[in-house]
Amino acid sequence: MELAISIITGLMILGAIYAIHAKDLLSAVIACGIVGYGLVICFLLLKAPDLAIVQIVVDTITLIIMVAVVLNSSREEEYSGMDSQGTINAVLGLIITIVLFYFFYNAILNLDIFGKGALRMAKAYIEGAAEKTGSANLVTGVVFDFRGYDTLGEATVLVTAVLGVIAILRLKGKK
Amino acid sequence: MTVIVKKTTQIVAGMIFLYGAYVVIHGHLTPGGGFAGGVIMAGAFILVTLAFGSDFLNLKKEEAGSTATENISILMVILLSVIGLFIGAKIFFLNFLPKGTVGELVSAGVLPLYNIFVGIEVTSSIFIIFLALVIYKEEEST
Numbered sequence: 025m026e027l028a029i030s031i032i033t034g035l036m037i038l039g040a041i042y043a044i045h046a047k048d049l050l051s052a053v054i055a056c057g058i059v060g061y062g063l064v065i066c067f068l069l070l071k072a073p074d075l076a077i078v079q080i081v082v083d084t085i086t087l088i089i090m091v092a093v094v095l096n097s098s099r100e101e102e103y104s105g106m107d108s109q110g111t112i113n114a115v116l117g118l119i120i121t122i123v124l125f126y127f128f129y130n131a132i133l134n135l136d137i138f139g140k141g142a143l144r145m146a147k148a149y150i151e152g153a154a155e156k157t158g159s160a161n162l163v164t165g166v167v168f169d170f171r172g173y174d175t176l177g178e179a180t181v182l183v184t185a186v187l188g189v190i191a192i193l194r195l196k197g198k199k
Numbered sequence: 191m192t193v194i195v196k197k198t199t200q201i202v203a204g205m206i207f208l209y210g211a212y213v214v215i216h217g218h219l220t221p222g223g224g225f226a227g228g229v230i231m232a233g234a235f236i237l238v239t240l241a242f243g244s245d246f247l248n249l250k251k252e253e254a255g256s257t258a259t260e261n262i263s264i265l266m267v268i269l270l271s272v273i274g275l276f277i278g279a280k281i282f283f284l285n286f287l288p289k290g291t292v293g294e295l296v297s298a299g300v301l302p303l304y305n306i307f308v309g310i311e312v313t314s315s316i317f318i319i320f321l322a323l324v325i326y327k328e329e330e331s332t
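Protein chains in written order, with this note's numbering: chain A, 25 to 199; chain B, 191 to 332.
Hints listed in this document are in silico derivations from the structure and should not be mistaken for laboratory results. The structure displayed is predicted, hence computed values, not measured ones. A virtual CB, placed ideally from N, CA and C, is assigned to each residue, including glycine. Honestly, I wouldn't trust all of these hints.
List of simulated lysine-lysine pairs, DSSO-like, C-alpha gap at most 30 Å [to be verified]:
id	chain 1	residue 1	chain 2	residue 2
1	A	LYS71	A	LYS140
2	B	LYS196	B	LYS251
3	B	LYS197	B	LYS251
4	B	LYS197	B	LYS280
5	B	LYS196	A	LYS156
6	A	LYS47	A	LYS147
7	A	LYS147	A	LYS71
8	B	LYS289	A	LYS147
9	A	LYS71	B	LYS289
10	B	LYS289	A	LYS156
11	B	LYS280	B	LYS196
12	A	LYS140	A	LYS156
13	B	LYS250	A	LYS147
A few chain A residues that don't get close to chain B, going by computed Cβ distances all over 12 Å [claimed, not checked]:
id	residue
14	SER30
15	TYR42
16	VAL53
17	TYR61
18	SER98
19	GLN109
20	VAL115
21	LEU116
22	TYR126
23	PHE170
24	GLY172
25	ALA185
Work out the full structure, taking the sequences as your base and the hints as a guide.
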């Protein structure tokens, strides 16, 4: 399973790199879809159907909206050659990547084996959650009962985001 | 859009909406829940809008209705969580209804109600974002 996830993650990285370098914006948007749908397969392999459903639906709707936006604007992306500022940025990015890789590698050595062991909090959630919340689906029990504050925050953030979209995109009354 | 797209949309859109409603209502039994089902229901609305289009005034009216629905449903979620402050153990987000048998459709106290209201809220939010992108472009051209 880890091999399959590694292959899919590699494909996702390739798709993301292609999306940056694509000349046509429409193919860049569709290459972004590779990342989203690869993530769906990763979630299914890790036995997380709730996340997979949310991811596949949100990714499809986002793709539709992005295609509609791209078709209404100019499709060609302007690209200029790399100047001295670009070279400095590339070198800095490479250094930061190496430093982060070193620290993450040292941190991973101290973690549990992948998929083994559970935190004390996770055990408390899992044991007897069906009796405590009355919900057969553990994820809903955690999301709306144990972590209700978190979900209320997410729902409020969504409402605020929609209000922001309406306020920014409106034309009437904007000077 | 062509006749083929319109006819297929007529047949399929209702089923997509029903599937989204199923995912929302069975959120405490099967995978899914308010967020996933809400986005599926919004997909049905977006499909109808894309296939049939609509005149500008009609979409404007629909946007106003969706905004009201969204705000009312988020208020209902907050109201449900505040009711717990006044009943029984007096805790915010208290599950104050009887829990029933695990695995039945009517069980788990207030969790299905939270699922339904969050589902309605997510549906109208996604649909408003889509409508905003359509409406304000047409407003510019007129």
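Margin query: When the structure is checked against the list of hints, which entries are broken? Sort them ascending.
Written below: Of the numbered hints, 4, 5, 6, 11, 13, 23, 24, 25 do not hold.
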